[in-house]
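**Student:** Full structure from sequences and hints, please.
According to this note's numbering, the sequence shown is numbered sequentially starting from 9.
Quick caveat, the hints were computed from the structure, so don't treat them as lab data.
Hints are supplied without guarantee of correctness; some may be wrong.
Stated by the list, open to error - When the alpha-carbon atoms are kept at most 27 Å apart in a straight line, the in silico DSS-like pairs for lysine-lysine are as follows:
1. Lys41 x Lys201
2. Lys210 x Lys39
3. Lys167 x Lys276
4. Lys167 x Lys297
Note that this is a predicted model, so its numbers are computed, not measured.
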Amino acid sequence: MMLESIGTPLLWSAFTVFVLLALCVDLLLMKSKGAHRVGTREALLWSAFWIALALIFNGWLWWYLDARLPPEEASDLATKFLTGYLLEKALAVDNMFVFLMLFNYFAVPPERQQRVLIYGVIGAILLRAVMIFIGAALIAQFHWILYLFGLFLLITGIKMLWFADDMPDLDGNPILRWMSGHLRLTREFHGDKFRVNIGGVKHFTPLFMVMVMIAITDLIFAVDSIPAIFAITTDPFIVLTSNVFAVLGLRALYFLLAAMADRFHLLKYGLALVLIFIGTKMLIVDFYKVPVGWALLVVMLTIGVSMVISLMVPPRKQAE
Numbered sequence: 009m010m011l012e013s014i015g016t017p018l019l020w021s022a023f024t025v026f027v028l029l030a031l032c033v034d035l036l037l038m039k040s041k042g043a044h045r046v047g048t049r050e051a052l053l054w055s056a057f058w059i060a061l062a063l064i065f066n067g068w069l070w071w072y073l074d075a076r077l078p079p080e081e082a083s084d085l086a087t088k089f090l091t092g093y094l095l096e097k098a099l100a101v102d103n104m105f106v107f108l109m110l111f112n113y114f115a116v117p118p119e120r121q122q123r124v125l126i127y128g129v130i131g132a133i134l135l136r137a138v139m140i141f142i143g144a145a146l147i148a149q150f151h152w153i154l155y156l157f158g159l160f161l162l163i164t165g166i167k168m169l170w171f172a173d174d175m176p177d178l179d180g181n182p183i184l185r186w187m188s189g190h191l192r193l194t195r196e197f198h199g200d201k202f203r204v205n206i207g208g209v210k211h212f213t214p215l216f217m218v219m220v221m222i223a224i225t226d227l228i229f230a231v232d233s234i235p236a237i238f239a240i241t242t243d244p245f246i247v248l249t250s251n252v253f254a255v256l257g258l259r260a261l262y263f264l265l266a267a268m269a270d271r272f273h274l275l276k277y278g279l280a281l282v283l284i285f286i287g288t289k290m291l292i293v294d295f296y297k298v299p300v301g302w303a304l305l306v307v308m309l310t311i312g313v314s315m316v317i318s319l320m321v322p323p324r325k326q327a328e
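**Tutor:** Shown next, in the form of C-alpha cells:
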C-alpha cells in the first residue's frame with residue numbers, strides 16, 4: 009500500500025532542481041562575501057527572503073492544484089503546506105537556541121559560524137528527506153504508527169514543558185567526551201578548516217566538533233518535528249517540501265534569533281504546548297479530525313502569544 013500524493017515526477021524533479029539552485033546560490037553568496045559577522049539587518053533580510061519564497065511556492069502550489077483538482081481540495085492541500093511550514097519553522101526555533109549554546113560553549117567566532125550552519129542545512133535536508141520517506145512508508149503499511157507518533161509528541165511536549173528552564177549539560181555530553189578521548193584535536197581554530205595538518209599528523213579543529221554536534225542536534229530535533237508534520241498531512245510531497253522550505257531559512261533564522269534570544273525566554277513553553285496539541289491531534293484522529301485551518305490558527309496563536317508575553321514579562325533572573 010502506498011500513500012496518496014500529489015507529487016508527480018515533474019513536480020519532484022522541479023522541486024529538486026529548485027533546492028539545488030537555492031543551495032548553490034546560498035553557497036556562492038557566502039563565498040563571495042567571505043567570512044564575516046552577520047548583523048541583524050542582514051539576517052532579517054535573508055529571513056524575509058526565504059519566507060517570501062515559501063509563500064510564493066505556496067501560492068503557486070495552490071494555483072497548480074486548482075487547475076487540476078476541485079477548488080476545495082486544492083485549498084485544503086495548500087493550507088496543509090502552509091500549516092506544515094509554520095509548524096516546522098516554529099519547532100526549528102528551539103533547535104536554534106541549542107545551536108547558540110553550542111557556539112557559545114566552543115567560543116566560535118561569529119564570522120566562522122556561517123560555514124558550519126550552511127553544512128548543517130545541507131545535512132538537515134538530506135536527513136529529513138530520508139526520515140520522511142521512511143515515515144511515509146511505515147504509515148502506509150501500519151496506520152497505528154500514527155498513534156505512536158502522537159504519544160511520542162505528547163510525552164515530548166510534557167517533558168519540554170516540565171524541564172523548559174533546564175540547560176543541557178555539554179560538559180557531560182557522551183559524544184563530546186568520546187571525541188575528546190578518541191580524536192586528535194586542536195585547542196585553537198584554524199580559520200574555516202575542520203581538519204589541519206600539524207607536524208605531519210592530521211588534527212580536527214573545534215569547528216569540526218561543533219559541526220558534528222549540530223548534525224546530531226538536528227537529528228534529535230528531526231525525530232520530534234517529522235512525526236509532528238505527519239499529524240497535518242501524510243502526503244510525502246507536502247511533508248518534504250514544507251520541511252525543506254523551513255530548513256532553507258535556518259541559517260538566517262539563527263542569526264536573527266541570536267540577536268534577541270533573551271527577549272523570547274518563554275518561547276520554549278509555547279513550543280511545548282504546540283507539541284502537546286499536535287500529539288493530542290494525532291491520538292484522536294480516528295475519532296475527531298481537527299480541521300487544518302484550526303490547527304494552523306492554534307499553532308500561530310500559541311507561538312505568537314508566547315512571544316508577546318516574553319516581551320511583557322522579564323526573565324526570572326532579571327525580575328529578581
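**Student:** Hint by hint, say whether it matches the structure.
**Tutor:** Tested hints:
Proposed proximity of Lys41 and Lys201 is supported: the alpha carbons are some 17 Å apart, at most 27 Å. The straight-line distance between the Cα atoms of Lys210 and Lys39 is roughly 25 Å, inside the 27 Å bound, and the hint therefore holds. In summary, the hint linking Lys167 to Lys276 is supported, as the alpha carbons are separated by about 11 Å, within the 27 Å threshold. For the suggested pair Lys167 and Lys297, the alpha carbons sit about 25 Å apart, so the restraint of at most 27 Å is met.
The structure is consistent with each of the numbered hints, conforming to all of them.
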